[in-house]
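Novice: Sequence:
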Amino acid sequence: MLRRVRLLTWYVVAAGLALGILVQNSSHAVAESVSTTGGAGKEAPLGQQQPFSASHAAREEKAIQDARRQQLAEKEAALAAKEQELKKLSAKLEAQVKALEESRKRVDESMKARSSAQKKQQDEKVQKMVKLFKTMRGEQAGQLIDSLHEDLALALLNRLDTKTVAKLAPFINQPRVVKWISENLQGK
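The sequence shown maps to residues -13 to 174 in this note's numbering.
Where hints are given, some of them may not hold.
The calculated DSBU-like cross-link candidates involving lysine-lysine, where the alpha carbons are at most 30 Å apart (straight line), are [what the hints assert, rightly or not]:
1) LYS73 / LYS98
2) LYS84 / LYS73
3) LYS61 / LYS73
4) LYS111 / LYS78
5) LYS68 / LYS111
6) LYS74 / LYS106
7) LYS78 / LYS91
8) LYS91 / LYS68
9) LYS68 / LYS114
10) LYS114 / LYS165
11) LYS68 / LYS105
12) LYS98 / LYS68
13) LYS84 / LYS61
14) LYS98 / LYS74
15) LYS153 / LYS105
16) LYS73 / LYS106
17) LYS91 / LYS105
18) LYS91 / LYS114
19) LYS61 / LYS74
20) LYS84 / LYS98
21) LYS84 / LYS111
22) LYS68 / LYS84
23) LYS73 / LYS117
24) LYS165 / LYS153
25) LYS106 / LYS120
26) LYS117 / LYS74
27) LYS153 / LYS114
28) LYS68 / LYS78
If you're looking for bench data, these hints aren't it; they were derived computationally from the structure.
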């Protein structure tokens, strides 16, 4: 539809230009004939042609303006439709973002709850181990602590009370005890 309007507009413009050239040429010819004949009797045809060509040119100009207005109206309608579509998509995206944020919050809360539950279980296990090492004989507990990974052994020593560590210290690998003491003195 827009293509047809453009073609029609170009056709009207081309026809108008051609007609304007013809009218100009004919008016020049009439003017020349009037000037060569002395101006008698030839003014009437010139006066008749000018209103005709002026009204014809005005009609062509109006047709061109109408075609442009129609193009602008079509473009405005297309832009309005696109704007409405964009608003709908924007609202849809906002709803999806809100849903994703709510999902993320639920996942974060469940992860915190799971982490808290795991930490609580780990603390309970460590407390059981602390009780176990408190009740064991010193030599046996020292050998077990020496067989643990160094980080676990130091964490276990941190959880034991001072009296139990003092009881176990002679049976634990001395560099490990020294490291535990230096960490406690440095405040790590």
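Novice: So which hints don't hold here, by number, going up?
Specialist: 1, 4, 5, 6, 8, 9, 11, 12, 13, 14, 16, 18, 21, 23, 26
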